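*Asks:* Sequence:
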Amino acid sequence: HTVLNVLTVYTLVFHHCLLHLLFHFFTVTVNLLSFFLLFFLMIRRPPRSTLSSSSAASDVYKRQGGGWCFGPSGEATIASCATRAGLLPEASDPEPDSGGVQQAMTGDYGGILGSDCRTNPDFCLWNAAFRHYTDGASFGSNRVDPIPVRFENGSSGAELWMRGRPNFDGLVWELLHRHGMVDASEVILSGGSAGGLAVLYNLDHLADILGNNIRLTGFPDAGFFLDRVNVVTKEFSYRHNFVGADPVWNITRSGGTNAACLAAYGADDAWRCLMAEYIVPHLRTPLYVMNSAYDAYQLPNILGAKCQASTVDKPCNDSEAQRYGQDFKEVAREVVAASPQNGVYVDSCYVHEQNVNYCSSQSIPNCVGWDPKESGSVKWNYTTAVPDATGARMTPQKAFSAYYFEGNNAVFIDEERLQ
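So the sequence shown is numbered by the numbering used here: it starts at 966 and just counts up by one.
Source of the hints: derived by calculation from the structure; they are not laboratory data. Heads up, a few of these hints could be off.
[Stated by the list, open to error] For each label pair, taking beta carbons as the anchor points, the in silico distance ranges come out as:
1) N1178 / F1370: 17 to 25 Å
2) P1037 / R1218: 35 to 43 Å
3) Y1230 / S1121: 33 to 41 Å
4) Y1230 / V1109: 19 to 27 Å
5) I1174 / R1218: 47 to 55 Å
6) K1294 / V1109: 40 to 48 Å
7) S1120 / G1176: 47 to 55 Å
These numbers were taken from a predicted model, which means no experiment stands behind them. By construction, the Cβ of each residue, glycine as well, lies at the ideal position given by its N, Cα and C atoms.
Can you build the whole structure from these sequences, using the hints too?
*Replies:* Right, dumping it as structure tokens:
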């Protein structure tokens, strides 16, 4: 019984970049008994059932992002989810993380999903599958029964389904048994923003499903959200929204996030297994984290920074923002320390997602930087790169390929301040 709440997010680029912002859009389909196929596997096609194929025995599975429907209480979370579903009117000044305008997506998604071998030379012939975001809870939710809510006109009969993990499992089954993934030799599970966090929730779970004969790698993009005090509220506001939402999402009680993390923290501290930095030390599957240290979502929405972008004409001297970025880089190094099989790519630009190109047509730099020749990078005049130990400039595309195929040069952390 699979009912979808469809949601998305996407954003932009990195080192020596301009500025960028996260955009998300979200739509909930009420009582829809079907799947929207869009994975990051290596099967590729346009939405809603986005699958594309080649003869390659390697797959990339990408999970869409889009923020969360959440709040500091169960009541606030249900209202947030109902609003994003279009069942309730939006607030006059909605929070920046509460969704946005739905954007049509057709054709090539670009980045690591791109079919142009000039900008994606190492993965352009892989099969790719893009999965639309479905639950507003990073593909971790799992409630057996729907939540009754009212339509905008006040009439009853609307229902919210929180079925992220079952939908994930169903789509994996579909790809394995109807689209040939069972014969794959390699699989990359990726996702952007909330979809990046979903990679952390589901990576080891997918490894258990695939078994030992398929090489699996996690590649979260802009999904490594820190758990930090908001300088305005003086509270852990971001954390409180997850703690308040979990009884509605039913992630920790249903095992919708990393099982080893849940076992380590126990029931009292299970909320930690909703937070990226607490999950990573418990992951056993190889992981490559790509993120800006001065993430365009995290600075305003987690930190509450006074300034968010830094340019030559308008430099950001906000000490809290600069400190956040330096803290982020230290935590990123811990990702590698957690396991020598892990890698990181961290830049110093005010950006969000970087390993896709499809939403670069927005009025702000978004989904740009994977390769300087991609349309989004050209449009915004971005040259995204972080120097390696020899001083060579590594784009996101080159850095990930070096990690994935060569097994070395796994750590790229830009030491610059906010760009």
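*Asks:* So, for every hint listed, does it hold in this structure?
*Replies:* Consistency of the hints with the structure:
1. N1178 / F1370: 17 to 25 Å: Holds: the Cβ-Cβ distance is about 20 Å, inside 17 to 25 Å.
2. P1037 / R1218: 35 to 43 Å: 19 Å, violated
3. Y1230 / S1121: 33 to 41 Å: With a Cβ separation near 39 Å, Y1230 and S1121 satisfy 33 to 41 Å, so the hint holds.
4. Y1230 / V1109: 19 to 27 Å: Cβ of Y1230 to Cβ of V1109: about 24 Å, so the range 19 to 27 Å holds.
5. I1174 / R1218: 47 to 55 Å: Because 21 Å falls outside the window, the suggested range is violated.
6. K1294 / V1109: 40 to 48 Å: Roughly 42 Å apart at Cβ, these two residues keep to the hinted range, so it holds.
7. S1120 / G1176: 47 to 55 Å: About 48 Å separates the Cβ atoms of S1120 and G1176, which means 47 to 55 Å holds.
In summary, the structure is inconsistent with hints 2, 5 from the numbered list given earlier, while agreeing with the others.
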